[in-house]
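Q: Just need the whole structure built from these sequences, with the hints factored in.
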Amino acid sequence: MAEESVAKDSVTKVPVAHVPVVGRPFALVQERPGQQAAAGERAADDTASGRTDATGLPDDPEFAAYVHDYFAMTDALPFPSVVLDPGWGVAHANAAYDALFGGVGPHPTAMPGHNFLRFVLFHPDAASVLAEHETAWCLPMLAQFAEAFADDESAPGLWDIRREIADDPIMDAAFRLGLPHWVEAVGDAAVHHDGAERHVRHPDPARGRTSCRLISESPRTLREFGLRRLTLVLREAEPTAPRRGRAHLSVVPTR
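Here the numbering used here is used: the first residue of the sequence shown is 83, the next is one more, and so on.
The set of hints was computed from the structure by calculation and includes no laboratory data.
Just so we're clear, the structure is a prediction, and the values are computed from it rather than from any experiment.
For every residue, glycine included, the Cβ atom is placed at its ideal position computed from N, Cα and C.
Some hints could be false.
Here are the in silico distance ranges between beta carbons for each label pair [claimed, not checked]:
{"no.": "1", "residue 1": "Asp-151", "residue 2": "Asp-180", "range": "13 to 23 Å"}
{"no.": "2", "residue 1": "Ala-209", "residue 2": "Pro-287", "range": "12 to 22 Å"}
{"no.": "3", "residue 1": "Pro-160", "residue 2": "Ala-209", "range": "19 to 29 Å"}
{"no.": "4", "residue 1": "Asp-234", "residue 2": "Leu-259", "range": "18 to 28 Å"}
{"no.": "5", "residue 1": "Phe-145", "residue 2": "His-274", "range": "25 to 35 Å"}
{"no.": "6", "residue 1": "Leu-259", "residue 2": "Pro-160", "range": "37 to 47 Å"}
{"no.": "7", "residue 1": "Asp-142", "residue 2": "Pro-287", "range": "41 to 51 Å"}
{"no.": "8", "residue 1": "Phe-145", "residue 2": "Gly-290", "range": "21 to 31 Å"}
A: So, in structure tokens, the structure goes:
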């Protein structure tokens, strides 16, 4: 898809208003009859399913030592935690993050260890891990992307993601038409996710479906180079309530 085919004014900044919205916003914009998603084969350079390295960082020994220690601290966390670059590329992720997404199938461009935004938007297995996938994950991530794209569409990787969104007619319509209204209704929380509560389906049966709190942080040293860390603080799975007998049995005389 040619770059000029995606209108540069397709991302609209809207005022905020705090009104809760529920439902399936993607489903509100129907695909026109006969319209099909473009196949769009991707180039080989960014199709690896593995993890990317933190690129564009200065060759400074002190900074390298800081990053090494920061990654070591991330590895020590018991919760899934990932360090992301400005294009949502994965600079580093810990073992708990790998375990959470370890059951997803292969994909040429949208593996969770490669790019978190691409995984949320484009991987067919994303909904198997990220509960309430469209409303709790897709739309908020699209809102973050829309803001980043509007601020600096020349940032590395953003045009590639925008083209891939445009290849999907339903997602593209949601991005251009539905998303601005959703952002206006939800307000600041549509873009800023620190402290938000989400649900995931952990492949470990001991956890299963559980809630988590998103902790987004970017210390000054990392922020200078566009890095930030996202941690999913998983809660213990709630115990299944024991089945109770029918209510009327409690008033039946026992003598």
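Q: Taking the hints in turn, state whether each one holds.
A: So, going through the hints one by one against the coordinates:
1. Asp-151 with Asp-180: 13 to 23 Å: The hinted range 13 to 23 Å holds for Asp-151 and Asp-180, with Cβ atoms some 20 Å apart.
2. Ala-209 with Pro-287: 12 to 22 Å: holds (19 Å)
3. Pro-160 with Ala-209: 19 to 29 Å: Hint holds: Cβ distance 25 Å, inside 19 to 29 Å.
4. Asp-234 with Leu-259: 18 to 28 Å: Taking Cβ atoms as reference, Asp-234 and Leu-259 lie about 23 Å apart, which means the hint holds.
5. Phe-145 with His-274: 25 to 35 Å: holds (27 Å)
6. Leu-259 with Pro-160: 37 to 47 Å: holds (41 Å)
7. Asp-142 with Pro-287: 41 to 51 Å: holds (45 Å)
8. Phe-145 with Gly-290: 21 to 31 Å: Since Phe-145 and Gly-290 have Cβ atoms about 40 Å apart, the given range 21 to 31 Å is violated.
Checked against the numbered hints above, the structure breaks only hint 8 and satisfies the rest.
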